[in-house]
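Enquirer: Numbering-wise, my numbering puts 63 at position 63 of the sequence shown, and it's gapless, one number per residue.
One should not assume that every hint holds.
Ranges of calculated distance between the beta carbons of each label pair, as one might list FRET restraints [claimed, not checked]:
id: 1; residue 1: R16; residue 2: E41; range: 30 to 40 Å
id: 2; residue 1: I5; residue 2: P53; range: 10 to 20 Å
id: 3; residue 1: S69; residue 2: F42; range: 27 to 37 Å
id: 4; residue 1: R47; residue 2: P67; range: 13 to 23 Å
id: 5; residue 1: I5; residue 2: P52; range: 13 to 23 Å
id: 6; residue 1: A26; residue 2: M1; range: 26 to 36 Å
id: 7; residue 1: F42; residue 2: D21; range: 34 to 44 Å
id: 8; residue 1: K25; residue 2: D49; range: 12 to 22 Å
id: 9; residue 1: D49; residue 2: A26; range: 12 to 22 Å
id: 10; residue 1: C19; residue 2: S43; range: 25 to 35 Å
id: 11; residue 1: A39; residue 2: K60; range: 14 to 24 Å
id: 12; residue 1: I36; residue 2: P67; range: 16 to 26 Å
With a straight-line Cα cutoff of 20 Å, these simulated EDC-like cross-link-like pairs (lysine to aspartate or glutamate) come out [unchecked claim]:
id: 13; residue 1: K25; residue 2: E56
id: 14; residue 1: K61; residue 2: E13
id: 15; residue 1: K61; residue 2: D49
id: 16; residue 1: K60; residue 2: D21
id: 17; residue 1: K61; residue 2: D21
id: 18; residue 1: K61; residue 2: D9
id: 19; residue 1: K25; residue 2: D7
id: 20; residue 1: K60; residue 2: D12
id: 21; residue 1: K25; residue 2: D12
id: 22; residue 1: K61; residue 2: D7
id: 23; residue 1: K25; residue 2: E41
id: 24; residue 1: K25; residue 2: E13
id: 25; residue 1: K61; residue 2: D12
id: 26; residue 1: K25; residue 2: D49
id: 27; residue 1: K60; residue 2: D9
id: 28; residue 1: K60; residue 2: E13
Hints listed in this document are in silico derivations from the structure and should not be mistaken for laboratory results. For every residue, glycine included, the Cβ atom is placed at its ideal position computed from N, Cα and C.
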Amino acid sequence: MICIIHDSDYMDEISRVVCADNFMKANPNHILCIFISHASEFSAACRVDVLPPTAELHHKKIYFLMPTSEEKAELLSWTSSPKKRDKI
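Work out the full structure, taking the sequences as your base and the hints as a guide.
Expert: In structure tokens:
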């Protein structure tokens, strides 16, 4: 089962293989992304990967359909590739 959560809290459950493009065409001005978390004994990290339209969605994964407003795009770009901060 593939789960896609919309920004309006609606959830699609799909049992067939689909590409990200199917949802992007049906929802203009939206992107499809997935949250990736990494945890170890000493730390935990999370990043957001924005999927290209050609990406195939995988079973047992949860995807998020997000609007592409400037504010959201800025947040996603910061989260997916954080900039190094200068030492104080």
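Enquirer: Now, for every hint given, state plainly whether the structure supports it.
Expert: Here's how the hints hold up against the structure:
no.	hint	result
1	R16 with E41: 30 to 40 Å	holds (39 Å)
2	I5 with P53: 10 to 20 Å	holds (19 Å)
3	S69 with F42: 27 to 37 Å	holds (36 Å)
4	R47 with P67: 13 to 23 Å	holds (19 Å)
5	I5 with P52: 13 to 23 Å	holds (19 Å)
6	A26 with M1: 26 to 36 Å	violated (19 Å)
7	F42 with D21: 34 to 44 Å	holds (39 Å)
8	K25 with D49: 12 to 22 Å	holds (20 Å)
9	D49 with A26: 12 to 22 Å	holds (21 Å)
10	C19 with S43: 25 to 35 Å	holds (34 Å)
11	A39 with K60: 14 to 24 Å	holds (18 Å)
12	I36 with P67: 16 to 26 Å	holds (21 Å)
13	K25 with E56	holds (15 Å)
14	K61 with E13	holds (11 Å)
15	K61 with D49	holds (13 Å)
16	K60 with D21	holds (19 Å)
17	K61 with D21	holds (17 Å)
18	K61 with D9	holds (17 Å)
19	K25 with D7	holds (16 Å)
20	K60 with D12	holds (13 Å)
21	K25 with D12	holds (15 Å)
22	K61 with D7	holds (17 Å)
23	K25 with E41	violated (41 Å)
24	K25 with E13	holds (18 Å)
25	K61 with D12	holds (12 Å)
26	K25 with D49	holds (19 Å)
27	K60 with D9	holds (19 Å)
28	K60 with E13	holds (10 Å)
Hint violations for this structure: numbers 6 and 23, all remaining hints satisfied.
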